[in-house]
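Engineer: Here are the chains, one letter per residue:
There are 2 protein chains.
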Amino acid sequence: MKPIKAGLLGLGTVGTGVVRIVEGHQEDLVMQTGSSLTIEKILVKNRSKERSITVGPDKLTEDPWEIINHEEIDVVVEVMGGIEPARTYILEALSRGKHVVTANKDLMALHGQEILAKAAENGCDVFYEASVAGGIPIIRTLVEGFASDRITKIMGIVNGTTNYILTKMSQEGASYEDVLKEAQELGYAEADPTSDVEGLDAARKMTILATLGFNVNVSLDDVSVKGISSISKEDILYAKKLGYEVKLLGIAERKDDSISVTVQPTMVNRSHPLASVNGVFNAVYVYGEAVGETMFYGPGAGELPTATSIVADLVAVAKNRNLGVSGRRVFTPYKEKKLRTAEQVDYKNFMLLHVEDEPGVLAKIAKVFAQHEVSLESVLQQPNPNNPKAELIIITHDANQASMTKVLEDFQTLDGIDRVQSVYRVEG
Amino acid sequence: MKPIKAGLLGLGTVGTGVVRIVEGHQEDLVMQTGSSLTIEKILVKNRSKERSITVGPDKLTEDPWEIINHEEIDVVVEVMGGIEPARTYILEALSRGKHVVTANKDLMALHGQEILAKAAENGCDVFYEASVAGGIPIIRTLVEGFASDRITKIMGIVNGTTNYILTKMSQEGASYEDVLKEAQELGYAEADPTSDVEGLDAARKMTILATLGFNVNVSLDDVSVKGISSISKEDILYAKKLGYEVKLLGIAERKDDSISVTVQPTMVNRSHPLASVNGVFNAVYVYGEAVGETMFYGPGAGELPTATSIVADLVAVAKNRNLGVSGRRVFTPYKEKKLRTAEQVDYKNFMLLHVEDEPGVLAKIAKVFAQHEVSLESVLQQPNPNNPKAELIIITHDANQASMTKVLEDFQTLDGIDRVQSVYRVEG
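Listed in order, the protein sequences are those of chains A and B.
Number 179 in UniProt numbering belongs to position 179 of the first sequence; there are no gaps in the numbering.
Number 82 in UniProt numbering belongs to position 82 of the second sequence; there are no gaps in the numbering.
Rather than coming from a laboratory, the hints here were simulated on the basis of the structure.
Some clues are possibly wrong.
Any copy, or any two copies together, can satisfy a pair, since identical chains are not distinguished.
As the list claims (entries may be wrong) - Derived BS3-like pairs (lysine-lysine); straight-line CA-CA distance at most 30 angstroms: (1) 335 x 364; (2) 406 x 335; (3) 168 x 45; (4) 406 x 226; (5) 5 x 335; (6) 335 x 2; (7) 168 x 153; (8) 367 x 348.
Please take these sequences and the hints and turn them into a complete structure.
Structural biologist: Okay, here's the thing in structure tokens:
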């Protein structure tokens, strides 16, 4: 078979990994696809920069059009990140009949439909396994492994930075600020950590997963997002005491035919498989009507894990080309989007209140819950040795979030409640 | 597109699940494959038996040849189990150009090569996702998701019966015999549990996984097997005390170019993701050179989980037929088989000894380890209140198993050792 020739847009961490795997596993790649796979050209910012791998200098270029217009390149691998110019390069490559493999979650979350439509128009493949949960082949699993099932819930720990921070806070009793600083020093968090800690990165990945899992065109605006920056040491301590771990979960749910997608800190019961996913690891829990509970666990980022997914996509591109079916296995969401707002969703809640330590307060609080038809699973009241106020911990049964909002409104003026310290979703 | 017509061989638990999913998810199946999927004929032992689903009586047949020779049937789904007559039916169906989907691990472990060769000869697809770990799409993951990587280790909890028994023993401190009896009453274990508890079922599944993961033609004879029937309450108690759970693990390893495949009770460190896989759940842990640690978790059996995998395979058959590429994505192991015997493998060992409680015994024992170049990670000696003998627990560093055999031989005649109660592999 004719060799497959790839052009790489970017030679950062992940791009370097792709070069290493393509070179190191050449023999296996030939056996699997029936054709050799070569990297013809690589777009870099500076050709003369020193690099950790040896690349023939004639392979490097500072001009993207040398790749996009290259007559012999079959597939463009985009590992630059960001929206522009990545989007333009990909669209131009597709319009010239080149297949695309990308690791770009931001781009796929925001412009996935445009890119997939352009691919379909030109009979090209677009694969993006590496865009969610790095080394975990979750996109293949949703599209092919569960092709026959109806998925009703996807819960993901899909951001390694926040999971590292929450794991350290849980294991060491450290504060958010201290662990974030440490994570930045170790390179696990960026100098500006906003996109990770405020849940935006996770929201982009959940947009992609929800689209694939529910066959609905989910857009980033549909995702309700809350990050981890306001989580306190105390919250985590209480969670542990009650048998929970706090995790930043992306949760996509389908009920009847309407869906909701959220990202929020969640207390996960220790017996749930997501509770023991620690450090920078990622995991995606999928609940299907027929299959029941499944979970997929692995590295969410890193040079070689992410590159593994990219090269697996290159193998798929090569197989499709060699079989003459490129662009013919296109994923098209075919269901109408019906959204359930965050308020319309039911789930269990954890609530930590500081209350006056005097008779009758609990009765008043219980009455508010009852008025809004929220029933309680457990209540724990304890004196706080450092504080004349008592601490009251409440876990509700599944409760409608509109009702929960009304409960919280009533609490603001309820005599006897000093303050509501925290409210979390509970899973597992 | 022309509809896909399936014939079912068998209408037990899993067959019933297939009928339910094909009927219940018809609309989604049409959207995904572009053609409808119907079940034309079902082979049963007794047409007049009462069933939990309603099937048109003209669909049922007691004659397999009505399916195998049926002009319009495109794909035969084999869910009868056992070697014969399933093997003959499948080979005959393939030689008539019918695709095959099977959940039969015994058949694929013993006659997989013969069946795949017959499929290739006739341009047919054979898929068998349901044969290992029921609802977990692990075969797709190994073949496609990790296509670009070199897998070096696969560890699987691939038998739900034994995992249920070990989980109960661990959680309730119950004996093997009591839990087995309970499992039999609940239908989790068969009246003759040999195939499960002696590790044969797990060995068959590991044969399939090792073949796919290492691209080597592994046969069942290559697997060294030990079951769980000799595990005592005490072993599990000690394991827990030291931070381990006892699991029946299938372990396939590659080192340099030679492989080993074993099934054996193993102490798994509690921090390892396999340690918290409980009850009838299955999980497969895959270590790849590039991707690192990953794990895939889900139901290992059951009507609907297993049927999910079968219908996902039917979707793949339909897509391939509609694209005109049936039988062209055949998996062929292309690497030469080089086996490492169980003795040539290195791993950590746990050992529980009953020894004389007197000076010098530990020194003698330590000397034996040193002579055979086995180094020790930890040693715990404690008096046994019910016994004048002391209990000595030893965990070695990675040790060659040939050396471990010599250590155990020497212990048989060593003055001061009363008996070696148990020896386990240690992982994690």
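Engineer: Are the hints correct? Go through all of them and say.
Structural biologist: Evaluation of the provided hints:
In this assembly of identical chains, residue 335 and residue 364 lie within 30 angstroms of each other by CA distance neither inside one copy nor across copies; the values are 46 angstroms within and 73 angstroms between. In this assembly of identical chains, the alpha carbons of residue 406 and residue 335 never lie at most 30 angstroms apart, being 33 angstroms within a copy and 65 angstroms across copies at closest. Proximity of residue 168 and residue 45 under a CA criterion of 30 angstroms is satisfied in neither setting, with 36 angstroms inside one chain copy and 59 angstroms between copies. Taking the shortest Cα distances, residue 406 and residue 226 sit within 30 angstroms of each other inside one copy (19 angstroms), while across copies they are farther apart (60 angstroms).
Taking identical chains as interchangeable, the C-alpha atoms of residue 5 and residue 335 lie at most 30 angstroms apart only when they sit on different chains, with a minimum of 25 angstroms there against 36 angstroms within one chain. Proximity of residue 335 to residue 2 under the C-alpha cut-off of 30 angstroms is restricted to the inter-copy arrangement: shortest distance 23 angstroms between copies versus 39 angstroms within a copy. Proximity of residue 168 and residue 153 under a CA criterion of 30 angstroms is satisfied in both settings, with 28 angstroms inside one chain copy and 29 angstroms between copies. Taking CA atoms no more than 30 angstroms apart as the test, residue 367 paired with residue 348 passes inside one copy only; the shortest distance there is 18 angstroms, against 59 angstroms between copies.
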